[in-house]
Amino acid sequence: MMTMINTFLATKGIYFLTLVLLALGVAGIIVCNNYMKKLICMNVMQVAVIFFFLCLGQKSPGTIPVAMDTAVKASQYINPLPHGLMLTAIVVSLGTTGVGLSLLLRIREKYGTIEEDDLIRREDLMTRKNKDGGDRK
Amino acid sequence: MRKTITVILLIISVLVPFMAFDVLPVIGDPQSAPNTHVSDYYIENAIEECNSPNMVTAVIVDYRAFDTMFETTVMFLAGLSVVIILANKPKRRIPAHSSLRRMKDAGGRPIYKTVNKDVMISVIEPVILIYAIYVLFHGEVSLGGGFQAGALIGMTYLLDIMVVKRDRPIFDIPKARAAAIAGFGPLIYALTGIVTILGGGLYLEYNKIPLPIHHAELHSIGITAVEIGVTIGVAGTIITILNALMERISFDDDND
Amino acid sequence: MIENIPVLIVLLPLCSALLCLALTAVSRNLGIFAVKLSCLASFVLSCIQLQMVVTGGTIHYAIGNYAAPYGIEFVIDSLNAVLLVCFSLMGFLTILFAENFGNEKRPMLVGAACAETALLITGILGMTSTGDVFNLYVFLEITSLSAYCLISLGGSRGVVSAYRYMLVGTVAATLYLLGIGVLYSVTGTLNMGDMREILDQGGYDGAMLTAMCFLIPAFGIKMALFPFHGWQPSAYTHAEPGSRPLITGVMGKVPALAMFRFVYCIYGTDFRFVRIGLILLGIFSVFGMLYGSLMAMGQTDIRKILAYSSVAQMGYISLGFAIGTPIALAGAFLHMLGHVFMKGGLFFCTGAIRYKFGTVDINEFGRIYKKMPLTCGLLTAAALSMIGIPPTAGFFSKWYLALGAAGQHEWIYIIILVISSLLNAVYFFRLIEKVFIRQSSELRTRWESEVLELPLTIIIPVVICFIAIFGLGLFNVRIVDILLMTLEGVGL
Amino acid sequence: MNFMALELRPLCAVLISLTASGLIYVLGEHIRPNAREGITLTAAVLKIITVYSMIPAVLAGREIRLELFSIVKGVSFAFNVDPAGMVFACVASTLWILTSIYSIGYMRGHGEKNQTGYYAAFAMCLCATTGLCFAANLITFFIFFEVLTVATYPLVVHYRDAEGTFSGRKYLAYTLISGQIFFAAIVIVYSVSGTMDFVPGGFITADMLPMPWALVVFFMMIGAGIVKAGVMPLHSWLPAAMVAPTPVSALLHAVAVVKAGAFCTLRVVLYVFGPEMAKACYGADILAWMAVFTIIVSSFVAMRKYNLKARLAFSTVGQLSYIVLGICILTPYSTAGALYHIVAHAFMKITLFMAAGAIFVTTHKKDIREMVGIGRRMPVTMMAFTAASIGIAGFPFFVGFVSKANIILGAVSMGKPVFVATLIASALLALTYLMPVVLIAFKKNVDNPEFAERGDAAPAMLIPLVITAVISIILGIAPNAGLHLFDLAVMAGNQIFMPLM
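Protein chains in written order, with our numbering: chain A, 1 to 137; chain B, 1 to 256; chain C, 1 to 492; chain D, 1 to 501.
In case anyone wonders, no lab produced these hints; they're calculated from the structure. Just so you know, not all the hints are guaranteed correct.
Stretch by stretch, here's where chain A covers chain B in the computed footprint (C-beta under 8 Å, at least three residues) [stated by the list, open to error]:
no., segment
1, 25 to 31
2, 44 to 57
3, 76 to 89
4, 141 to 152
Partial list, derived from the structure: chain D residues whose beta carbon lies under 10 Å from chain C [stated by the list, open to error]:
no., residue
5, K73
6, V75
7, G117
8, F144
9, F145
10, V150
11, P154
12, V157
13, A173
14, L176
15, G179
16, Q180
17, A184
Note that the structure is a prediction, hence the values are computed from the model and not measured. Just so it is clear, CB atoms sit at the ideal spot from N, CA and C, and this is done for glycine as well.
Build the full structure now, drawing on both the sequences and the hints.
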C-alpha cells in the first residue's frame, strides 16, 4: 500500500497537486461572495494549469533548453515547448486580470460595493427606481 | 444551493481527473509523448534553423512566432481595454457603505517621500534601462527576451512616477497616447511578417527577408525585429495600464 | 502573394486595429476609415479564398514555412472558407453600423472602441482559420478580451455583466487549456491534423474522455449552450449597441465550430465514447431549445428576448452536431450561417430603432413600421426565419436537421424541432404584432431626414442582412454542396 | 427562344403577384391611391393572361414543367402545370381581378385605413396561391403554403383592434401548428421514399410506411389541409376571422385560403398517398366521415347565426367539406366533382360575400333580422344573392349542381348510401339557412323607412358581384363554357385513377 502511494506520488503526484489547486480555484469562484476574491481564485486556477503544462515539459536528465555547444542531443535538454506556451498563457492571464481589475474599479465606483449579494440588491434597487421614474413621466 | 454545487463540482473536478492519472505520462519520463514527438525536433534544429541557442526563444519567436504575435496583441488589447473601461466615470453614484465612505476621492497620484529622488533618477533608472536593452538583444542567445525587456522599461516608468511630482514629470505619456504607442509594438511584429511575404516567402518566414546576407543572420534579424516589437508593446501596455489606474485610484495611505 | 490570402484575412483587421488609435490621433475619422477598409478587404479576400478552396481543395498554410506539427498551420477547408466569408461580411457590416453609436465628443474613445471591434473580428477570423489547438486558445482569448471590453461599454449594467462573463469565460478558457494539455500529454503535438493521426492509432480512449470532460463545458460556456448559458442573457442585453450584432451574431458561433473540430475532426467518429458525448450534447440542445424559447416569452426588453432566443438557436446548432450525419451537420452549419444574419439582423434592427427612437421596450413599438419600413421588413424576415417559415434561411437549416434526424431515426429530435419552432413563433409573432399592429405610441424621433429613414451606414447592413436571409434560403443547395465537401468525410 | 418563354409561364404567374406586392409595399405610401390600385389591377390582368394562356396546352394533355434550381439537396424548385392545379389557378386568378375591383369600391366606400398593407398582402396571397397550384413537389408546395399562411395574417388583423388581434392569434395558432406538423411529415415522407414529386395516383407504397405509421403520417400531412379547409373540429379560426373586412373574407372563403386547404388535401390524398394507400390505411375513410359530420353540423350551426357573415362562414365550412368528401370517396367522378366544386363554390360564395359586404357598406347592417325589406332598396345585390343561394343549395342549372351531382355519382358508384343521403340532406339544409335571408329581404307588405327608396351599392362593388352571379349561372348551364374547367377537372380525375383501371 505504502509503496503504491509512494510510487504514485513519485511518478504522478504533482498532477494531483495541480488538480487540487484547480479545484480550489473553481470552488473559490463559486463560493466567494467578494468579486476581488473571485478574481484571485481565477488567477489560482490559471496558475494551476500553467503548473500542469510545465510538469509535462519535465525530463529527468535534462537541463534548461539553452544550447551549450553546437552539437545538441535531444535527451540533454528539457522540452522547450510547454515553456513557450505557458509564456503566452501567463501573458493572457495577466491581461485578463488587468481587465478584471479595471472592471472591478468601475463596479465599485458605481455601486459602492464589490460584494455580490450587495450588488444584486443594489441592481434591483436601480431597476425599481428606473421603473418608478418611467411611470412618473 | 451554492454549497451543494460546490461540493459536487469539487468531487467531480478531483475525481474525474483521477482516471486521467493512468494516461498522463510519468513525470520526467524522457520517453513520454510530449518529450519526444515535436520537442526533439525543436531541440535538435533550433541552432541550425533559427540561429538561436535559446530553444525557448526559438520556439516562441520563430517556430510559433504567430502565437507570440497575438500574445503581444493580447497585451495591447488589455491595455486598450483598461483605458476604455476606465474612460467613463459614473455621473450619479450610489452612496457607498459606511465602511467605504471614509475613503475620499483625493485624485492625483500618490507621492512616496521615502524614496530618494536623486538616486532614483540619476543612478537606478539608467541602469534598469540599459539592463532592459541588454535583456532584449540577448534574449536570442541566453535567457531573456522582449517580454522581460518591456516589463523592465515599464518598471522604470513606474519608479519615475513614484518619485516625481505630478506637475513636473520626466517622461509623461497620456494614457491614450501610450496605448497608441503600444499598438506599434505588435504592428512592428506584423510588419516583419509582411516584409517576409514581400520577400517572396510565407508569413514570418525569416530567411526570406529581402536582405543580402546569410539565412542564419536573417533569422537573427527577424527575431530581433519581433523582439523589439514585443518590447514596445509590453512597455507601452504597462505604461497605459499604470496611467489609467493611477488616475482613478486613491491609495489609502495618501494622507499619511 | 496569392498563397498568402489565408493569413492576410486575419492580418488586415489586426493591423488596422493596431494603427487605429494612432490614426485617430492624427485625424478623427481616419482610424475608423482604415478599419472599415481593412474589413472590406478581408471580406473580399475571403470570397477569393472560398473560390480557391472550392476549385482547388483544402489549403494548408504553414506559417514561417515550418511543416505541420512543428510550426503553426492554417487549414482552410470548404467549411471554414464559407464561414470566413460570412463572419468577415458580418464584421464589415458591424463596423459600418458601429460608427453611429460612438460618443461624438470623445474621438479617441470612438477610435479605441473601433479598434476593439476590429480585434474581435481578428480573433473570430483567426479562430475560424487556425489548425493548431494552442493558436486557437490565443485567438479565443483575443475574442474574449475584446468582448469583455465591448460588453462593459454598455453602461454600468454592462460592466457588471462583463465582469461576470469574464469570470465564467476565463474558467472556460482554463478548462480548454487543461483539455488540450491532456491531449498534448498523450500525443505530444498541438497540430489538429497530427493529433488526429496519433489518436487514430488507438489506445488513448481514457485521455480522450478526460479531455472531453474539460472541453465540452469549455465550449459550452463560450457558445452559451444551455446549462452553461448563465452569463449570456445579461451580456448580450447590455453590450455596446454598435458592436452588439457582431457579439450576438458571430461570437457564439466560433466556439461551436471549434467544438465541431474537436468532436469530429480530432476525435473522429471511431472514438469509443463518441455516442455518449453526442447523446449528452443532444440532451443539452433539446433542453436549451425549450428553455431558451420559454424564457424569451416572458421578456419585454427586445434585447433580452433575442438573447434568450440565442440560447435556443445555439441548441439547434448543437443538435445538428448531436445527430452527426453529414446532412445534419450541414444543417447545423447552414443554421450557423443563417443565424449570423438573423440574430445580427435583429440586433441591427434593435440598434436602428434605438438610434431613431431611443427605446428597446417592445411595448413602445407601436406601428413603427410606418416610420421605418425597411428596418421592420428585416425584422419580419429575420423573425420568420427564426421560426422557420420558408423560403428563409431558417426553414432550410431546420429541414436538413430534421432530415438528418429522420435518417438516424431520432424521432424525438424532430418533435422537439417542431415544438421549438412553435415556441419561437409565439414570441416572434408577439414582436411582429407589436411592430405592426399595436396602437401607435408617441415616440420622440431622434433622427430626421427627408429621404432616408436612417443613416446610410445603418441601412446598408439592414438591407444586406435582408438579402442574405432570403439568399441563404433560396440558394442553400450550393452552400450545402460546398459544406458537404468537408462534412462527407467526417460525419457519422 | 419561344419555347423558353412558354416554359417560364408558371413562374411568371407567380412572380407577377410577387412583384406587385413588393411594389405596393415599397411605393404604396408615396404614390396616389389610384396608382397603387393601378398596380394591382395591371398585375391581375397580366396574371389572368398568363394563366389562361396555359389552358390549351393542358387541355391537349401536355404538362408544362419547369425546374428552376435545387431548393434543398436532391429536390428542385419545380413547377408542373397539371389539370387539377390549372382549375384552381384559373379560379384564383379570375377572382383576383373581380375582388380587386370590389375592394376598391369597398375600401374607399368604407374609408378603411392601412390600405397599402392590405393590397400588398392580398397580392402576396395570390402569389402563394398560384405557386401552390403549380407546385410540382411537396417542398415547393409547402413553401407556398406557408407563405400563404403568413401573408393572410396581416389581412385577418386588418383592423388592428383587440378583436382582430385575437382572431389573428387564433388563426396563427391553428395554421402554424398544423403547418409545422405538415413539415415534420414531409421530412418523414422524404426520408422513407426519397422523392417528393407529386404523382397522379401517389408515390407512397405500403412497404415504405407500415400500417400504423402510414395513418399517423397521413393525418400529420392532412392536418394542415383540413385546418385551412375548416373541417370540424379544426374550423374555429374561420368564423373568428370574420372580423376582417369583407373583401378579405371573400379571399379567405372563396379565392385562396380555404381552397388552398382543400387543394392541399387533394394533393396529399391523391398525389402523395394515392387512392390505394389512402384506402389501405383507412385515412380516406376517417376523413370522409369527418367531412360528413362537418357538413351536417355546420348547417345546423349556420341556422343559429344571425350575423350574415357568420352564417356564410359556417356555410363555407360545410361546403368545403363537400370537396374533402369528394376527394375521399376516391372515384374519378367524385374527384372531378370535388375539383369542380372548388370552381362552383368560389363563384357562388364570393357572390354571397360581396353582397353581404355591399349591404354593410351601403346600409351598415350586419344582422339578418335588421334586413327586412332590404330587397327593395338593393334589388340587384339581392337578386345576385338569391341566385348564389340557390346555387349553393345545388339546384339544377346552377353551378353547384354540376359538382354535387358528380360527387353523388361517385358515392353511388362506390356504394356509399350514407354519403349520398348526407349530400342530399345538406342541400335541403343549405336552403333552410340561406333562403330565409332572401325571404326576409324581399318580404312584402313591410314598410321599412330605411329601405324605402332605391339606392343600390356603388358600381365598383355591384359590377363584380353581378359578374360572379352571372358566371355561376352560365357555368351551371354549360359547365365547359369559356375555360373548359369541367373538362380539366375530369381530366385530373382520370389521370389519377387511370393506373387503377
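Results for each hint:
Note: the segment 25 to 31 of chain B has 6 residues with beta-carbon separation from chain A under 8 Å; the three-residue rule is met and the coverage holds. Coverage of the segment 44 to 57 of chain B by chain A holds in this model, with 7 residues showing a Cβ closer than 8 Å to a Cβ of that chain against a need of three. For the segment 76 to 89 of chain B, the stated coverage by chain A holds: 9 residues have a C-beta nearer than 8 Å to a C-beta of that chain, and at least 3 were required. Only when three residues or more bring their CB closer than 8 Å to a CB of chain A does the claim for the segment 141 to 152 of chain B stand; here the count is 4, and the claim holds.
For K73/D, the interface hint holds, since its Cβ comes within 10 Å of a Cβ in chain C; the closest pair sits about 5 Å apart. A cut of 10 Å between beta carbons decides the hint on V75/D: the least distance to chain C is about 9 Å, and the hint holds. Annotation: G117/D was flagged as interfacial toward chain C, and the flag holds, the nearest CB pair being 8 Å apart, inside 10 Å. For F144/D, the suggested interface contact is upheld, since its CB lies about 8 Å from the closest CB of chain C, less than 10 Å.
Interface restraint check: F145/D against chain C, minimum CB-CB distance 9 Å, threshold 10 Å, status holds. Taking 10 Å as the C-beta contact cut-off toward chain C, the hint placing V150/D at the interface holds, the least distance being around 6 Å. Because the beta carbon of P154/D sits about 7 Å from the nearest beta carbon in chain C, less than 10 Å, this interface hint is met. Look at V157/D: its Cβ gets to within about 6 Å of chain C, closer than 10 Å, so that hint holds up.
Taking 10 Å as the C-beta contact cut-off toward chain C, the hint placing A173/D at the interface holds, the least distance being around 9 Å. A cut of 10 Å between beta carbons decides the hint on L176/D: the least distance to chain C is about 5 Å, and the hint holds. The closest approach between the C-beta of G179/D and any C-beta of chain C is roughly 8 Å, which is under the 10 Å cut-off, so the hint is satisfied. Interface hint at Q180/D: satisfied, since its Cβ lies 5 Å from the closest Cβ of chain C, which is below the 10 Å cut-off.
Given the 10 Å rule on beta carbons, the hint for A184/D holds: about 5 Å separates it from the nearest Cβ of chain C.
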